[in-house]
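**Student:** Spelled out from the first residue to the last, the chains are:
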Amino acid sequence: MAGHKEYDAATGAETTGHVWDGDIKELNKPLPKWWLYVLYATIVWSIGYWILYPAWPLAEDYTRGMLGYSQRSVVAQEISDAKQTQAPFLQAVASKSVEEIRSDAGLMEFVRRGGAAQFANNCAPCHGSGAQGFKGYPNLNDDDWLWGGSVESIENTIRFGVRSDHASTHQGVMPRFGLDGLLDKGQISDVAEFVLSLSGKSEDAEKAERGSVVFAEQCAACHGADGKGIVEMGAPNLADAIWLYGGRKQDVVESVHGGRAGMMPAWEGRIDPTAIRMLAIYVHSLGGGE
Amino acid sequence: MQPQKSIERGVATEAAPGITRIDVDAVSSKASRSLYTSRQKIYPKLAHGTFRSVKWVVMLVTLGIYYLLPWIRWDRGPTLPDQAFLLDFANQRLYFGPIEIWAQELYFITGILVISALALFLVTALAGRMWCGYACPQTVWTDLMVVVERFWQGDRNARMRLDKAPWTFEKIWKKTATHVSWILISLATGGVLVFYFRDAPTLAMELVTGEAPLVAYVFMGIFTFSTYLLGGIAREQVCIYMCPWPRIQAAMYDSESLLVSYHGYRGEPRGPHKKGQPWENRGDCIDCKACVAVCPMGIDIRDGQQLECIQCALCIDACDDIMGKVDRPYGLISYDTFRNVEAPSGSERAPVRLLRPRVLVYSGLIALIMALMAWAWIVRSVVEISVIPDRNPLFVVLSDGGVRNGYTIKVLNKTHETRTFQLRIEGLSDFHAAIIGFDTADAPLVVEPDTLRAIKVYVSVPREAASHLDAAATPLTLTVRDLASGDTVVRETTFRSPGS
Ligand code: SF4
Ligand code: SF4
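If you read the sequences in order, they're chains A and B. Sequence positions in the first sequence follow our numbering and run 1 to 290. Sequence positions in the second sequence follow our numbering and run 1001 to 1500.
Any given hint might turn out to be false.
[Claimed, not checked] What follows is a list of derived Cβ distance ranges for each label pair:
{"#": "1", "chain 1": "A", "residue 1": "97", "chain 2": "B", "residue 2": "1371", "range": "48 to 54 Å"}
{"#": "2", "chain 1": "B", "residue 1": "1218", "chain 2": "A", "residue 2": "34", "range": "33 to 39 Å"}
{"#": "3", "chain 1": "B", "residue 1": "1104", "chain 2": "A", "residue 2": "86", "range": "25 to 31 Å"}
{"#": "4", "chain 1": "B", "residue 1": "1451", "chain 2": "A", "residue 2": "58", "range": "50 to 56 Å"}
{"#": "5", "chain 1": "A", "residue 1": "37", "chain 2": "B", "residue 2": "1222", "range": "16 to 22 Å"}
{"#": "6", "chain 1": "A", "residue 1": "105", "chain 2": "B", "residue 2": "1206", "range": "47 to 53 Å"}
{"#": "7", "chain 1": "A", "residue 1": "49", "chain 2": "B", "residue 2": "1452", "range": "38 to 44 Å"}
{"#": "8", "chain 1": "A", "residue 1": "97", "chain 2": "B", "residue 2": "1452", "range": "39 to 45 Å"}
{"#": "9", "chain 1": "B", "residue 1": "1091", "chain 2": "A", "residue 2": "74", "range": "50 to 56 Å"}
{"#": "10", "chain 1": "B", "residue 1": "1097", "chain 2": "A", "residue 2": "58", "range": "55 to 61 Å"}
{"#": "11", "chain 1": "A", "residue 1": "129", "chain 2": "B", "residue 2": "1206", "range": "43 to 49 Å"}
{"#": "12", "chain 1": "A", "residue 1": "52", "chain 2": "B", "residue 2": "1386", "range": "20 to 26 Å"}
{"#": "13", "chain 1": "B", "residue 1": "1082", "chain 2": "A", "residue 2": "46", "range": "45 to 51 Å"}
{"#": "14", "chain 1": "B", "residue 1": "1213", "chain 2": "A", "residue 2": "34", "range": "43 to 49 Å"}
[Said to hold, decoys possible] Straight-line distance between alpha carbons at most 30 Å, and here's what the computed DSBU-like set of lysine-lysine pairs gives:
{"#": "15", "chain 1": "A", "residue 1": "33", "chain 2": "B", "residue 2": "1174"}
{"#": "16", "chain 1": "A", "residue 1": "33", "chain 2": "B", "residue 2": "1164"}
{"#": "17", "chain 1": "A", "residue 1": "5", "chain 2": "B", "residue 2": "1041"}
{"#": "18", "chain 1": "A", "residue 1": "33", "chain 2": "A", "residue 2": "96"}
{"#": "19", "chain 1": "A", "residue 1": "33", "chain 2": "B", "residue 2": "1171"}
{"#": "20", "chain 1": "B", "residue 1": "1174", "chain 2": "B", "residue 2": "1164"}
{"#": "21", "chain 1": "A", "residue 1": "96", "chain 2": "B", "residue 2": "1456"}
These aren't lab readings, by the way, just hints derived from the structure by calculation. Just so you know, even glycine gets a beta-carbon here, dropped at the ideal spot from N, CA and C.
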């Protein structure tokens, strides 16, 4: 722009003096001044923003801004607002009977969702995110319950745990028949064969026959004479298709030989009673509740 | 620097007997410029003629539609809004008379937008920025604001004089009246816009009593301010510097498009015409600059096609008026094609070719998308069913050796009546199905109008049958039948098992 002006031959318009490829010249189509002022205004705006809101990181702190705004406190406020909204529902869950909760579709939905969230936070590490369980950790979708599958029983199990440090915890230990020398190898193999026969999976009737005697002496006290388990003792039903530690002969032998003593923490005192209630109803609603 | 312009600058001259030569410079006139320019105020003179009349009608119709639409009622039954055109964001519905679009059908809106874009291309291919010149809200509102300005302050010359004059009482009240009127119009503009989002009569009451939601006031404020700023103050600056369309449009038209053009071969050499002088050996343009004075963009169409021109054709009206007065044929400025404008003088004027490839392509695409949308609308069901099989766990082995799969079925009833459905499950030889909360799996399923109902279905296959199932997946068919109409919706899914 300095000094001499140049005009484009074709249009007669003034050029900016910028040339590309030796012969393409840029025509001067000036920018309106107000556009420039808008640019200045945005700069002023950003400076105002720095002054009013948290902006610049410093070595140990940051500029906090005059408005005292903080995202953290906004989140805290939102959380407390959400809690306030939930309060009446939680009140209802705590005070109503299971039947009443179930018959109230809206409340039941709240309980199922709240329960699912609690489950994901507290239970999923052992039982899996879909409550599908793993070896030694029961599948909560099925209809087999060591300590009972009614809402009340489930609630109790969650509260007290199994072999936990809670005074009312469920107790029930499968003895270590092999390790402690209570049964010899042959007997263990026989009794395992008998156990498999209860669900029609035995391949050696003779061994099973021998095993039945061992079973009556050693196992029936806990698992019942018919092997169908005793809920009060947390002794599993051996006559069904569900195996917590695996249903192959080898698995059963292992269980008899080394015993089993799965455990679950007591949740009473760790999460509040209403949450435990929601968890129990949620787990019960997974499809296998009694 | 821009040449200073003022009406006192030149001695009043005549372009032809009885026709004053208007002292005006186009904002795009050739001159030395700095890199930034101050805005040159434009004082568009009122034009008279065909195109001005068309623009009055378009303004009346478009503003009429805009202001009246929210007040049209449409009976949809007791539970639904009775406003014909309503963008009900709270309930995620859009209502256009009999048409009702749900949030998940927003592709219809996408379709309308695509058609609008193509229609804009088509119009541009046919006649340049015709949309800009006649129907664009920026043009319509600016035009309206100019009408108001003219009402209070008079036409071009009076306005220029007023702006030059010192601040007297007369100037103050005229300017105040203008701005107050603009703000009232802007308020009405923003006010009507919010009526599209909430029942208009109710909202009108709420606005008066101060009970309307805050967002309504906020949006009214935003639209009042932007209408005032863009339509009243910024005007042509929006079209030249803010709108992207002028930059794109040049790619949409070709040498066959009808554009407002000055016929240089007929008009040049231009110059004032004295009474009794012959018209031979000179052009028809008497250089009266009437065309520049009426131009809302402040340009001189005689310089050729320019980015700023919105194809409003007011210059055609102005020039035809002059041609009538000096008794020369109309059409010195007219809608014409590049091909004709560049043709040598005296040569045959080529007829307009409407059926060009790009016109056909744009029209074809519009027709295609319209057909697709019509088809989508016809096959669109008023009941939507989705089946979501449980993924975690995929299946559950039960204590008796059976296998159970869980499914969530969502039934969406888009009609305004309660409907009752029945579920049927097919594909397995032996199974038991249960719906949580229902006594039997074929119990009637009542879905309230406009609601979605989710049910949880468990399908169990007993041990014996389960052992024959395919480990990967057995096909399963879920059929939901409307008990009243018999309409059925079929969904295919799978039943998973550990296999034998
Ligand atoms: S083109 Fe028409 S209106 Fe424009 S200066 Fe020439 S005669 Fe006047
Ligand atoms: S040059 Fe003519 S058509 Fe273009 S904007 Fe101006 S008056 Fe309208």
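**Student:** Each hint needs a verdict: does it hold in this structure or not?
**Tutor:** Cross-check of the supplied hints:
{"no.": "1", "hint": "A:97 - B:1371: 48 to 54 Å", "result": "violated (59 Å)"}
{"no.": "2", "hint": "B:1218 - A:34: 33 to 39 Å", "result": "violated (25 Å)"}
{"no.": "3", "hint": "B:1104 - A:86: 25 to 31 Å", "result": "holds (29 Å)"}
{"no.": "4", "hint": "B:1451 - A:58: 50 to 56 Å", "result": "holds (54 Å)"}
{"no.": "5", "hint": "A:37 - B:1222: 16 to 22 Å", "result": "holds (21 Å)"}
{"no.": "6", "hint": "A:105 - B:1206: 47 to 53 Å", "result": "violated (33 Å)"}
{"no.": "7", "hint": "A:49 - B:1452: 38 to 44 Å", "result": "holds (43 Å)"}
{"no.": "8", "hint": "A:97 - B:1452: 39 to 45 Å", "result": "violated (29 Å)"}
{"no.": "9", "hint": "B:1091 - A:74: 50 to 56 Å", "result": "violated (28 Å)"}
{"no.": "10", "hint": "B:1097 - A:58: 55 to 61 Å", "result": "holds (60 Å)"}
{"no.": "11", "hint": "A:129 - B:1206: 43 to 49 Å", "result": "holds (47 Å)"}
{"no.": "12", "hint": "A:52 - B:1386: 20 to 26 Å", "result": "violated (47 Å)"}
{"no.": "13", "hint": "B:1082 - A:46: 45 to 51 Å", "result": "holds (47 Å)"}
{"no.": "14", "hint": "B:1213 - A:34: 43 to 49 Å", "result": "violated (34 Å)"}
{"no.": "15", "hint": "A:33 - B:1174", "result": "holds (28 Å)"}
{"no.": "16", "hint": "A:33 - B:1164", "result": "holds (22 Å)"}
{"no.": "17", "hint": "A:5 - B:1041", "result": "holds (26 Å)"}
{"no.": "18", "hint": "A:33 - A:96", "result": "violated (71 Å)"}
{"no.": "19", "hint": "A:33 - B:1171", "result": "holds (27 Å)"}
{"no.": "20", "hint": "B:1174 - B:1164", "result": "holds (14 Å)"}
{"no.": "21", "hint": "A:96 - B:1456", "result": "holds (24 Å)"}
Of the numbered hints stated above, those contradicted by the structure are hints 1, 2, 6, 8, 9, 12, 14, 18, listed in ascending order.
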